[in-house]
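Line by line, the protein sequences give chains A and L.
With the numbering used here, letter number 364 in the first sequence gets 424, and the count goes up by one each step, no holes.
With the numbering used here, letter number 66 in the second sequence gets 126, and the count goes up by one each step, no holes.
Just so you know, not all the hints are guaranteed correct.
[Unchecked claim] Among chain A residues calculated to face chain L with C-beta under 10 angstroms, some are: (1) G119; (2) S123; (3) V242; (4) D245; (5) G286; (6) A292; (7) I314; (8) S316; (9) I387; (10) H394; (11) Q425.
[What the hints assert, rightly or not] Heads up, simulated DSSO-like pairs for lysine-lysine below, C-alpha to C-alpha not over 30 angstroms straight-line: (12) K87/A with K384/L; (13) K106/A with K384/L; (14) K87/L with K87/A; (15) K106/L with K384/A; (16) K87/L with K426/A; (17) K401/A with K179/A; (18) K106/A with K386/L; (19) K113/A with K87/L; (20) K426/L with K384/L.
No lab work stands behind these hints: they were computed from the structure.
All residues carry an ideal CB built from backbone N, CA and C; glycine is no exception.
There are 2 protein chains.
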Amino acid sequence: MIYLDNSASSFPKPRCVINAVDEAMRKYGANPGRSGHDMSIATAMKVAEVREKVAAFFGVKRSENVIFTGSCTQALNLAILGSYVEGGHVVCTTNDHNSVLRPLHELEAEGHISISIAKPKDNFRLTLEDIEPLVRPNTYMICVNHISNVDGMMTELEAIGEFCEQRCILFLVDGAQSAGHVKIDMTRSGIDLLALAPHKGLYALQGVGVLCFSPKAKLRPILFGGTGTESASLRQPLIAPEAFESGTVATPNILSLGAGLEYVKENFESINRRIEDLSTYLLYELQNLDGVITYTHPENSFGVISFNILDMPSSQVSDILNMKYKIASRSGLHCAPLKHKSLGTLEQGTVRLSLSGFTTFGEVQKTVKAIAKICEMAK
Amino acid sequence: MIYLDNSASSFPKPRCVINAVDEAMRKYGANPGRSGHDMSIATAMKVAEVREKVAAFFGVKRSENVIFTGSCTQALNLAILGSYVEGGHVVCTTNDHNSVLRPLHELEAEGHISISIAKPKDNFRLTLEDIEPLVRPNTYMICVNHISNVDGMMTELEAIGEFCEQRCILFLVDGAQSAGHVKIDMTRSGIDLLALAPHKGLYALQGVGVLCFSPKAKLRPILFGGTGTESASLRQPLIAPEAFESGTVATPNILSLGAGLEYVKENFESINRRIEDLSTYLLYELQNLDGVITYTHPENSFGVISFNILDMPSSQVSDILNMKYKIASRSGLHCAPLKHKSLGTLEQGTVRLSLSGFTTFGEVQKTVKAIAKICEMAK
Chain A
61 MIYLDNSASS FPKPRCVINA VDEAMRKYGA NPGRSGHDMS IATAMKVAEV
111 REKVAAFFGV KRSENVIFTG SCTQALNLAI LGSYVEGGHV VCTTNDHNSV
161 LRPLHELEAE GHISISIAKP KDNFRLTLED IEPLVRPNTY MICVNHISNV
211 DGMMTELEAI GEFCEQRCIL FLVDGAQSAG HVKIDMTRSG IDLLALAPHK
261 GLYALQGVGV LCFSPKAKLR PILFGGTGTE SASLRQPLIA PEAFESGTVA
311 TPNILSLGAG LEYVKENFES INRRIEDLST YLLYELQNLD GVITYTHPEN
361 SFGVISFNIL DMPSSQVSDI LNMKYKIASR SGLHCAPLKH KSLGTLEQGT
411 VRLSLSGFTT FGEVQKTVKA IAKICEMAK
Chain L
61 MIYLDNSASS FPKPRCVINA VDEAMRKYGA NPGRSGHDMS IATAMKVAEV
111 REKVAAFFGV KRSENVIFTG SCTQALNLAI LGSYVEGGHV VCTTNDHNSV
161 LRPLHELEAE GHISISIAKP KDNFRLTLED IEPLVRPNTY MICVNHISNV
211 DGMMTELEAI GEFCEQRCIL FLVDGAQSAG HVKIDMTRSG IDLLALAPHK
261 GLYALQGVGV LCFSPKAKLR PILFGGTGTE SASLRQPLIA PEAFESGTVA
311 TPNILSLGAG LEYVKENFES INRRIEDLST YLLYELQNLD GVITYTHPEN
361 SFGVISFNIL DMPSSQVSDI LNMKYKIASR SGLHCAPLKH KSLGTLEQGT
411 VRLSLSGFTT FGEVQKTVKA IAKICEMAK
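Bound-form chain A, shown alone (with noise of 0.2 angstroms):
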């Protein structure tokens, strides 16, 4: 199988990560922050040098500020849900992903906020200038795709992160497709609340997920239970992290982001100089395929691209390409309607190749070649 469908989750997954989890398993087998005994503790002191890991690698300044969840959706629900002002305003994108789309609609339909979305002015990048104008006096937050997970667009984050500390504005960035691919820092980028996926670009397993938040962001916690802190109180306690992440925390997926994450900070200029030179290859080849429509700008990939060939739908050349020729492709809206909305795709939806470190060259090709046969079949 050749498996071009990393955006929506990595794989494989390097050796190293596999190994944390099989010692996770093993060694590190207790409730990390419930007990006083040595498991406990050791367990505990190993989330916590992840969470150090995790603040070092973003930029965040003090490790406290970095939550660990179940998922990237459950990070983005209590950047969004634990912090909306009542009466206030949201600028989001239409690069957005339903995960940040569905919490915010949810805060509209209930009347508590209302929301504008910015569209970029062309297809090459978002900017701060396809979002000023939308900003209002009741503005509270602006909420950014950092590269779409449909097209690969990049979202230019230092000006807008400037304009927020100006205005006093949280700026929300939705990191899941970019964690691993680009660098990103929080304190740098002016960025308040930065949501990883990191079963994508850090090669971690699904089942975790990250929110980093600065000292501008007054959160509120959404998930309510035993913290092992201040367990006296039915109050649900206010000190980060352990007030955000009630419940027994997933321990061997927090180790397996930590190996991941060891991972792509010793190995980040190969891979992905790798997923440059593939996929600016793959995009060449399929622009110069009669019959393809590429949807991804040659500077903008990082690693997704998405295209359609003639009219056919997509799901139909996804089909074709995983049981035919054993690729592993993405086809449908992605999860980002508001996306195919501005490409025009809302109906056919697009075919999504995806790459990863462990992509070759072999693998595009062989792709590039099986979909020239599709296009030749279609015409």
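Guided by the hints, dock chain L onto chain A, whose structure is given.
Frame of chain A, contents of chain L only:
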């Protein structure tokens, strides 16, 4: 190390669980329910298999009514926050864990509901008699802890379930401590919402929780995002299970639950006879030690034994057990403050020894000897 902290997280895990996780990482690495390629479908089928197994094991009529969350706390939050009735009333109990008490308290503090707390008449079992006098015309939910994580006290479900059915009240059971130790049949016991902590008595990894619900429980989602369904809509879908599992689910953890459940099913009698025998022995020996106060009823243990030595702080006893004897126990309030209020141990906490199917007689014997020595020292 002698590990007697299985109520915090069971350790070790059976080999079949470790193997299932390893297989998940190597063979089922795709995102289940997102893409249509072979690996994604194979992964989705494995997840669906576990859903079926959970449904069969706990007497849930339709497997769609089994929801995977990141933890039992998340399952309880979904049950409580996702079903509350504005202006309604809930009866919970002094046995409840903060994962129940804190979300209820939050709803009460926000003015949505009112709460009454049932207290068992004696120290043996909590029954309908303890609950019924507190029920009001606007009571929409009765919520009990099946087995207390502090002292093993059991709640008799059947009569309460029948009462709830007659009165059209939702019956929420926190099965965190009981699943795997006693048989639970949702349908037979009239349970509407059953929350599970698979990393305890079902030997799964941390990082997965379960909420099973009956058709009577009209759940609303509390987590919003991509579901792989109705992707063009910004509104959260409402069809279970996807509507309640926004984001990528924790495949390796869910597959570990499948293996753990299989293990428990095959070894149910032997695991629980062992736990019962060892608990009986342990409790008998502790009761014979001068200076030891036990809080667990001999017929009501299910592997959870709480005690203190004279007026020593429970943390001090746990620390000595850990440092001098390499015995892992847990001290303090175990996130169940009202239970300690009713036991009179809110200040001192209790030392908890909790057993699993892997606990040996030799380990228990050594633990008794260690506690005897601490008693002598304390006098």
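Evaluation of the provided hints:
1. Hint status for G119/A: violated, given a least beta-carbon distance of 25 angstroms to chain L, over 10 angstroms.
2. About 20 angstroms separates the beta-carbon of S123/A from the nearest beta-carbon of chain L, more than 10 angstroms, and the hint is not met.
3. The interface hint given for V242/A is broken, as the beta carbon of that residue sits about 21 angstroms from the closest beta carbon of chain L, more than 10 angstroms.
4. Proximity of D245/A to chain L is violated relative to the hint, the smallest CB-CB distance being about 25 angstroms (cut-off 10 angstroms).
5. Proximity of G286/A to chain L holds as hinted, the smallest CB-CB distance being about 3 angstroms (cut-off 10 angstroms).
6. A least Cβ separation of about 5 angstroms between A292/A and chain L falls short of the 10 angstroms threshold, and the interface hint therefore holds.
7. Hint on I314/A holds. Least Cβ distance to chain L is approximately 8 angstroms, under the 10 angstroms limit.
8. Contact between S316/A and chain L, as hinted, is supported at the beta carbon level, the nearest pair being about 9 angstroms apart and thus within 10 angstroms.
9. With a cut of 10 angstroms, the hint placing I387/A at the interface with chain L holds, because the nearest CB-to-CB distance is about 8 angstroms.
10. This hint holds: H394/A has a C-beta 8 angstroms from the nearest C-beta of chain L, less than the 10 angstroms allowed.
11. The restraint placing Q425/A at the interface with chain L is violated, with a minimum CB-CB distance near 19 angstroms, outside the 10 angstroms limit.
12. For the suggested pair K87/A and K384/L, the alpha carbons sit about 20 angstroms apart, so the restraint of at most 30 angstroms is met.
13. With a C-alpha separation of about 23 angstroms, the suggested pairing of K106/A with K384/L holds against the 30 angstroms cut-off.
14. Taken as a hint, the K87/L and K87/A pair is honoured in the structure, with Cα atoms around 24 angstroms apart against an allowance of 30 angstroms.
15. With a CA separation close to 23 angstroms, the supplied pair K106/L and K384/A stays within the 30 angstroms bound.
16. The suggested pairing of K87/L with K426/A holds, with an alpha-carbon distance near 22 angstroms, which does not exceed 30 angstroms.
17. The hinted pair formed by K401/A and K179/A meets the criterion: a straight-line CA distance of about 11 angstroms does not exceed 30 angstroms.
18. The straight-line distance between the Cα atoms of K106/A and K386/L is roughly 20 angstroms, inside the 30 angstroms bound, and the hint therefore holds.
19. Restraint check for K113/A and K87/L: satisfied, since their Cα atoms lie roughly 28 angstroms apart, inside the 30 angstroms limit.
20. For the proposed pair K426/L and K384/L, the alpha carbon gap of about 12 angstroms is at most 30 angstroms, so the pair holds.
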